[in-house]
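Start from chain A and add chain B according to the hints.
There are 2 protein chains.
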Amino acid sequence: MADINAIAKQFTDFYYQTFDTNRAGLQNLYRESSMLTWEGAPIQSAAAITEKLTSLPFEKVQHKVTTLDAQPSNPAVASILVIVTGLLVVDDSPSPLQFSQAFQLIPEGSSYYVLNDIFRLNYG
Amino acid sequence: MADINAIAKQFTDFYYQTFDTNRAGLQNLYRESSMLTWEGAPIQSAAAITEKLTSLPFEKVQHKVTTLDAQPSNPAVASILVIVTGLLVVDDSPSPLQFSQAFQLIPEGSSYYVLNDIFRLNYG
Numbered sequence: 003m004a005d006i007n008a009i010a011k012q013f014t015d016f017y018y019q020t021f022d023t024n025r026a027g028l029q030n031l032y033r034e035s036s037m038l039t040w041e042g043a044p045i046q047s048a049a050a051i052t053e054k055l056t057s058l059p060f061e062k063v064q065h066k067v068t069t070l071d072a073q074p075s076n077p078a079v080a081s082i083l084v085i086v087t088g089l090l091v092v093d094d095s096p097s098p099l100q101f102s103q104a105f106q107l108i109p110e111g112s113s114y115y116v117l118n119d120i121f122r123l124n125y126g
Numbered sequence: 003m004a005d006i007n008a009i010a011k012q013f014t015d016f017y018y019q020t021f022d023t024n025r026a027g028l029q030n031l032y033r034e035s036s037m038l039t040w041e042g043a044p045i046q047s048a049a050a051i052t053e054k055l056t057s058l059p060f061e062k063v064q065h066k067v068t069t070l071d072a073q074p075s076n077p078a079v080a081s082i083l084v085i086v087t088g089l090l091v092v093d094d095s096p097s098p099l100q101f102s103q104a105f106q107l108i109p110e111g112s113s114y115y116v117l118n119d120i121f122r123l124n125y126g
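Chain order of the listed sequences is A and B.
Taken in order, the first sequence gives residues 3 to 126; the numbers are from our numbering.
Taken in order, the second sequence gives residues 3 to 126; the numbers are from our numbering.
Isolated chain A (complex conformation):
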C-alpha cells in the first residue's frame, strides 16, 4: 500500500498547510456532496464547509500530525480512507490540543476530492 500511504501523506501535508495559512483555499478540496462533521455538528457542501472552516474562532493555528494511516475504502474505486491523529496549536497556546480527523478521498481526474471529513478534539 505504498502508493496509498504516499497519497495520504501528500494530501494531509497540503490540507494542513492550507488550513494553517489560507483556510478559504480548502474549498477546492470539497464538492456539493461533501460532508464535514465538526465536533459533532454535521455540515454539507463545499460552500457550507468553507464557511464553517473560515469562521472558526482562532487567528493562528498549526496542525502537527502525529500518526497517519490509510486504507483503500472501496474495491471498485480507488478511494482512500485517511485517519490522522495529531496536535493543534491554537494562537500560540503552550498547551496543544489533541485531535483526530478522518477523510475519505475520492479520485477525480488526476486528483482527489474529500467526500467525508470528521474532526474531533480529544479531551483527556
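It is possible that some hints are incorrect.
Heads up, the list lumps identical chains together, so a pair's fine if it works in one copy or across two of them.
[Said to hold, decoys possible] Simulated pairs of lysine to aspartate or glutamate, EDC-like, Cα-Cα distance not exceeding 20 angstroms:
(1) K66 - E41
(2) K11 - E41
(3) K11 - D94
For the record, the hints were derived by calculation from the structure and aren't laboratory data.
Then chain B, alone, in the frame of chain A:
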C-alpha cells in the same frame, strides 16, 4: 442522518462489548477483504485480524466511548463511516489510554460487515 447514527451506536455498542468480553467473537464482523491497521501495522482478512485481536497482550480491557460520529460513505451503497474516540482501561489501570478508531461498515443482507478498521492510541 438519524438512522446512520443509530446504526453506528448499535454497531459500536456490540463491537466494544464483544471486544471486552469475547474477542474471538469479533471474527464474524470481518470478511476476507477486511483490513485492520493496528497501531500502524496492516493486517488483512477475518482470520488474521482475529488472530491479532485475540493475541493482544492484555487480560482485561474496557472501552469507554467518548465521541461517536457517522457519515454515509458511498452515494451508491448504504455503507457507513464510523469514527470513535474514547478511553481504553487495560488490566484495571488507573490511567486510561485515549484511542481513536475508524470503521467502514458495508451492508450485507440485513446487517453490516467491517471493511476498514483503523485503531490508534493517542499519546499526549
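Hint check:
Within a single copy, K66 and E41 get their C-alpha atoms as close as 19 angstroms, and across copies as close as 18 angstroms, so both meet the 20 angstroms cut-off. With identical chains, the CA atoms of K11 and E41 are at most 20 angstroms apart between copies only, with a shortest distance of 17 angstroms across copies and 23 angstroms within one. In this assembly of identical chains, K11 and D94 lie within 20 angstroms of each other by CA distance neither inside one copy nor across copies; the values are 25 angstroms within and 36 angstroms between.
Going down the numbered hints, you'll see the structure goes against just number 3.
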